[in-house]
Structure formats: structure tokens, C-alpha cells
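Residue numbers (my numbering), protein chains in the order written: chain A, 1 to 173; chain B, 1 to 265.
Honestly, the hints are just simulated from the structure, not real lab data.
One or more of the hints may lead you astray.
Said to hold, decoys possible - Derived pair list, reagent style DSS-like, types lysine-lysine, alpha-carbon separation capped at 27 Å:
#	chain 1	residue 1	chain 2	residue 2
1	B	K46	A	K162
2	B	K46	A	K160
3	A	K6	A	K50
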Amino acid sequence: MNPAEKSRDVVREGLEAVYPRLWRYCVVLTGRRDRADDVAQAACLRALEKAVLFAPESQLDRWVFRIAQRLWLNELRADAVRRGGGIAPIDSVDLIDPTPASETNIFARQVLDSVMALPEAQRITVLLVFVEGFRYREAAEILDIPIGTVMSRLTAARAKLKVLMQPAKGAAE
Amino acid sequence: MSRFSDEEIAAYLDGEGDPSLGERLEARAAEDAELRGRIEALTVDKQAIAEAFEGLLGASPHMPTEALTKAAPLSRTDVWRTPGALAGAAAACLAIGLGVGFQLASYRGDGATRNKMVQEAPLESWRDYAAAYHALYVTDTLTHVADDDAARVRELDRASRAVGLPLDGVRAPIDELQFRRAQLLGFEGRALVQVAFLSATGAPMALCVINSPNAGDSEVALETRRDMASASWSQPGLEFLLIGGRDAALTKRAAETLRRRLSAS
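Given these sequences and hints, build the entire structure.
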């Protein structure tokens, strides 16, 4: 198998497993589940088109996240603003399926709302580092920004989350 | 004794940074209540965040595998550069209901912009954001601005104070550009002023000025951003961007005039 074929196979076979995380990434990026559907699908399509450029020994999730990030910022974000509705994120009620309103779920929703209330640049960095567990250097590569910007975004996000998550914490205790 | 920055504290909490950072910070915190307070102010429940987002995975729709793999062969790496295939790719995208479909369609008629889809830089710098914002302007945005000169002067004064640069020089005609209004915006905590003009042909144009502590002197440099002519330059502490329309010669002349007027004022 030549290297191009191998790359194509790795991408085709790997995308489905990455998809739920890619979709979640797009929810945080775009703030809305309908837009997340569009961006996640567009990112997969772009990944399949460009599969020969993927280095099979590298990480597929980072590569696809980066594609989604670029698609959103370069092509789809301005359209979302133009079509109205702005880019402010919606409530978690519309993000997760209705579930029994147990205390655990209420708390989880409040935490989601707190993160989604952050500016777009901060919340996507929070997702990559706090949720996905990427190192600062890896998050910087995905977002195509200097590592110093990752640090300043997370510092600002931490200060805001500290305040935003207080009521959530109180309610859970 | 040097002070730890908030970024260093956050890096420590994330297990990042120099291994000695944690040791130094912990040693100092043991005897410094103020530092302990700052650490506490940046400590968040990362576990709770990770768990809340874990629940979101279950809400993900299934990947539309069949539609995607059918669509992909229509559009290989070089598809965007092939006029015939481009229409096919657009059709494929629309067929599977992607929001990008309209984008492809809008690129079809104009050979000069076709490659932009894969070449445009990410929206990261303040200039990218200013350009994307200005791309939404149409002539009517500025023709219908109230003709209240006193209000416009007040707003211009407010903007001047925000960036620490007298901007009166924009009110006199500048190479066919007519001053319409000034707005105070912001980017990552820095003051950003947008002064809007209309050209003689009705093209909306904007001068953007941002505080930039590390900026030095630089000449006017022409670029194209989002299909608009733009010119950038800087002076100590400030960066400038003039953007709008497609007349690069007008943009250059106006940028040179603005650079002269605003640096002399």
C-alpha cells in the first residue's frame, strides 16, 4: 500500500470514532447544535478530500479539530453572523437531550452554561485543555495560535469560571 | 522577589510550565497569603467541567458516513481549482445538506476568488476581525447615519481619547473619502477605534486604529483582505488599518494621507 492510500484508509476508518468528539468540539466552537452539525459534517468532508495529506503516524483528532476550526473561522462563521441570530451561544437546554432533572443533571447543565458563557476563543481553549486533556502546546497547534495566547485565554477563562460556577457549586452542595 | 504572573499560576494549576515552577510557587505560597488568594481565585473544578462535557458526547448525532463517502470522491484535493469539478463539489455539499453549499456557489462565478476557500488565514489577528466586521458593511450602512455633526464630533473625541491619538484629521475630506462616523470597539482588552468613510463611488471604507504597545514606525503596506483593498501601517504604540472597496490605488493614496495627517497631529 502506498503512503497516500494508507493515509486515506486511516482517515476513512478513523473519522467515525472521532465524530462525537468532533461534534462536541463544534458545539463549543459555534455555540449551537444545528451549526455544530453543519461544521462537523463539512470538516469530515474536507478531511476525506484531503486525506492524502494526513500523516498516518500523527493524531487524527487534532487534525480534524484543526480543519473544523479553520472552516468555522474562515468560511462559516461570517455566514452565521450574516444569516442572523448572532454568534452568542444558546442555553444547554438546547445542547443536551432532555433528561430527568436530577440534581446531577442540573449541576452539569449549570457547568455547561458557565463554560458556554465564555467568549468563543476562551471556551474552545477550555474544551481542548480541561475536557480533551490536550497539553498547551497541542491546543496551540490545533487553534493555530501561539502558546502564550493559550495561556492568556485559559487564565482569563479560569477567572471568569471561578465566578460563573459559584452558583452551580452552591446548588450541588 | 519577583511576582508570579496569573499565567504562571494557571500553568501551574494545569501541570504545565517548567517543572521548577511548581516547586517555587508552592514554596512561596506557603508563606504568602496574597499569593494563596490569587491561586484560589484561579482554581476551578476541572473535573466537574470534564464530566459535564462527557454528557454532551451522548447527544452527538451519528456521522452521516454514506453521504460523506459518496460526496468525497467528487472533490479531491485539487477540486477547488477546477471549474467543472467545483460545481460538482457544490452539488455534493448541497445534496448532503451542508451549510457550506452556498459558499461554494458564491465562489463559482469569480475565477479570481476561487482559491480563497483553502487559502484564507484563520481569523486570529485584530486585522482579520476588523476586516470580517467591515465586510458586512454596505453603502446604506453609512448613508443612513444621522447627519448630526456635533454628535459625530463628540464620538470622535471619545474615540480619540480611547486610543490616545487626536483623530480630528479624519474630518476633512481625504482623497474623495467622506467622514461618516467613529465607533469605539475593542479587541482582547485593547481599545480599537473604527472611523467609517464613504468613497465618491459609495464604497464603505474604514480606518481602524488599535493600541499596540510594541508597535514601531512602519510604512504603508497594501494587502487584500476578504476581497477588499486594505493598507496597514504603524507608529509607536499604534497600528492602523484602512480597508474597504476594491480600488487599491485609492486605498493607498488615502492611507498615505491619513498616515501623514495623524502622525502630524
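Hint check results:
1. Note on K46/B and K162/A: the hinted pairing holds, with a Cα-Cα distance of about 11 Å set against a maximum of 27 Å.
2. Distance check on the hinted pair: K46/B and K160/A sit about 13 Å apart at the alpha-carbon level, within 27 Å; holds.
3. Pair hint K6/A plus K50/A holds up; C-alpha atoms about 13 Å apart against a cutoff of 27 Å.
Violated hints for the displayed structure: none, as all numbered hints are satisfied.
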